[in-house]
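Based on the provided sequences and hints, a complete structural model is requested.
Residue numbers (UniProt numbering), protein chains in the order written: chain A, 1 to 274; chain B, 1 to 334; chain C, 1 to 290.
Hints were generated in silico from the structure; no laboratory data involved. Please note: incorrect hints may appear among the correct ones.
Claimed, not checked - In silico DSBU-like cross-links for lysine-lysine, where the CA-CA straight-line distance does not exceed 35 angstroms: (1) A:101 <-> B:17; (2) B:101 <-> A:181; (3) A:114 <-> A:68; (4) A:10 <-> A:104; (5) C:186 <-> A:10; (6) B:7 <-> A:181; (7) B:65 <-> B:27; (8) A:181 <-> B:119; (9) B:104 <-> B:27; (10) A:68 <-> A:181; (11) B:17 <-> A:181; (12) B:104 <-> A:181; (13) B:203 <-> B:274; (14) B:7 <-> A:101; (15) A:262 <-> B:94; (16) A:181 <-> B:94; (17) A:262 <-> C:186; (18) B:184 <-> A:181; (19) B:113 <-> A:181.
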Amino acid sequence: MARSVSTGQKIGWSIAAWVVALLIFFPILYAVITSLKTEQEAIAGFSLIPSGTFENYVTVQTQRDYFKPFMNSVILSVGSTILALIIAIPSAWAMAFAPTKRTKDILMWMLSTKMMPSVAVLLPIFIIFRTFGLLDSRVGLTIMLTLINLPIVIWMLYTYFREIPGEILEAARMDGASLWKEIVYVLTPMAVPGIASTLLLNIILAWNEAFWTIQLTTTNAAPLTAFIASFSSPQGLFWAKLSAASTMAIAPILILGWFSQKQLVRGLTFGAVK
Amino acid sequence: MGSITLKNVQKHFGEAKVIPSVDLEIKEGEFVVFVGPSGSGKSTLLRLIAGLEDLTGGTITIDGKDVTEAAPAARGLAMVFQSYALYPHMSVRKNIAFPLKMAKMEQSAIDKKVEAAAKVLNLTDYLERRPSQLSGGQRQRVAIGRAIVREPSAFLFDEPLSNLDAALRGTMRLEISDLHNQLKTTMIYVTHDQIEAMTMADKIVVLNRGNIEQVGSPMELYLTPRNLFVAGFIGSPRMNLITGDYARSKGAVTAGIRPEHLTLSKESGTWKGKVTVAEHLGADTFLHLDVEGIGQMTARASGEFGAHHGDTVYLTPDETKLHRFDDKGLAIKA
Amino acid sequence: MATQNTRTLARLMMAPSVVVLLIWMAVPLAMTLYYSFQNYNLLTPMNVSFAGFFNYQYFYTDPAFFQSIWNTLLLVLGVLAITVIGGTAIALLIDQPIFGQGIVRILVISPFFVMPPVAALIWKNMIMHPGYGVFADIAKFFGLQPIDWFAQYPLFSVIIIVAWQWLPFATLILLTALQSLDSEQKEAAEMDGANFFNRFIYLTIPHLSRAVTVVILIQTIFLLGIYAEILVTTNGGPGYASTNLTFLIYRTARLGYDVGGGAAGGIIAVVLANIVAIFLMRAVGKNLDK
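Set out below in structure tokens:
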């Protein structure tokens, strides 16, 4: 696209693109607007201008203890991600820098575990969790989220690690670095951007996971997914308040997501599209 | 310090015998160049010496000590990689200091050594920069600096100039030769470029398919190539190899004559040829000719020789400089 | 290209993840397989007995089973059609020189980050509600009768919501693929006399085909497991009108307490997912060889 495009054309494309973008974004925007309305306004017909009350946010916290599921979401998503990284980093390192003939098979097999439908193992997991007293516990759910996202974490790290040239690690070895020092001084600093992206994407996936979080919790360990899903028939909590709860549930992850666009493509396609 | 002996060194990758068996003696302070086409096993041989690959068989001795099983760092060697392999997240100073830090040297001693190396390599002004902020030549010098500070018993270079442009390559070649003269440390240098080999080496090792074809000084290889492969590989433009009646008349299966040992004339000579391409370099003229009864030949004239595409030119070989090879491609001793 | 030493170490480093995933895959799956041949109801946990193929037979002869398979198929295909076609169009649009491209991108990908229950509730209450939703407001504005989406078109409504969630994914991947198309290639084609239409047919589409394959396969994996959107909006109804296989198994297992039946359904779901998985693995595996 070296040639300049006429301004008229550019304006035309821009209008079209903005209309489409705003239409797609509209439901989110409307939820945010509704959260700033009073309950009467919320059901009074279409309006983009709220009276601007923050009362709903206060009510959600005071009446429903919003902070508790929010903290559960934070603990579960961050906890499971860190746990997954601890298990995944050594194995991704090994596969990227000491590949064998079977490395590819192992990677494919790991990917295949991700394809198992969750619902197929719902009952065994439920029974195992019940037996070990893990139902509705943060520990249990953290383990669960770690397991279901581990393949993606390994894959993402693997594709990032593979981009680090092997010669640099050999140089470190020649320079007298032990394996441990090689990892601390050379590999880790070079891999930090990749690890950070993996961390970010995995937090997003764990935050939004809405099968196991709903199945395995009731009140204690319930994160925002389960909390919001419990309002499928809105008794007691009305739309403006529901919108306030929804806005708070999606805002942090939406912002994280905006920062991780590029990594998202890579992570979710297992490196097939970069 | 710095003598290296390879005895019956073998390397197989699965079924592929990349290096069937190599014996080689490298003396202290020598500048040895491994040269050969790609796939000749020259880089593998270097990596075996470095300890980055396991030997399939044989032994490697450095300064009389068997290091066949030793870890790379324990061999006291330093290596400069083709991609330079600088640590991108460290400043130039930290890159050069890294091996010293790994050796647990004191910080003040490290600083002194890094400053000294930087001075030798003209890097003093760049010490705080990151590798990405340096030019190709500067990166190369940082890689060399990182090797120098360790005071290794030998330097290993793996095609270090192949990522540089032609002009810079010439400069760096001089700098590395200069460095060798100053340090007098053993250097092993891998390249596919026979000009680098000729200009820098005390001793050239010509490799082909994992075998050593010939070992010798540049002039030995130029004057008395042991076989057709070496004859064709060393020298630029390549030696003309002639089969048929002419070779037979000289008692050989193949006769070789270098382009610079052909006298050009527009009037008369042994062979008559038609110019296909003429390359005028000013100092030299290279003529590519279609010669009657022989085929394609290349001739080199010193200075300008006024011939162009389609012209007829006569060639006369300097028969004292003729190389003769038998049916196995081995040189026939005079 | 490594020494024996590093290879041994590598194996050690891989062990934790391999062991963990092996257990995670094998144990529950083996249990599911075992239960699928048992009469086991959580309401009467004392009466467990061997059932043979009864659970499968039961599941197979249940009319809800075929409806749920059909619904699953419609859901997957419907969402795929909307997201692939829409995603290509939007990606081409954003790839044009436009003002504020960065913000447009952000707006377009946002729905992907909305957790399923929230997405479903926003659409259910604020967009599609027959009384107070935006669609109803528009209908009323034109003097039309508002549609009761979840009563009249339950499955279609779910498709719309899920498509909205996945449209950003398709768009983003197709856009990434579009932008990786070598501009020199485009220029070469222009020099060769190809007009915009020809360039689209002969350069862009072949270039996108790989990304489209990836989008279809990955989305299919996730779409087969759609659950929360149905739970929050229609709860599978009316009747079984919006029940997919995942939701049917959930109903049998968790609401019906029928472990054996649920397990048999689970095994069927595994078989279905595997058929898709084989294709996906091939597509991804090819990429590894590069």
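For this session: Find the hints from earlier in the document that the structure breaks and name them by number, from lowest to highest.
Result: 4, 10 and 13
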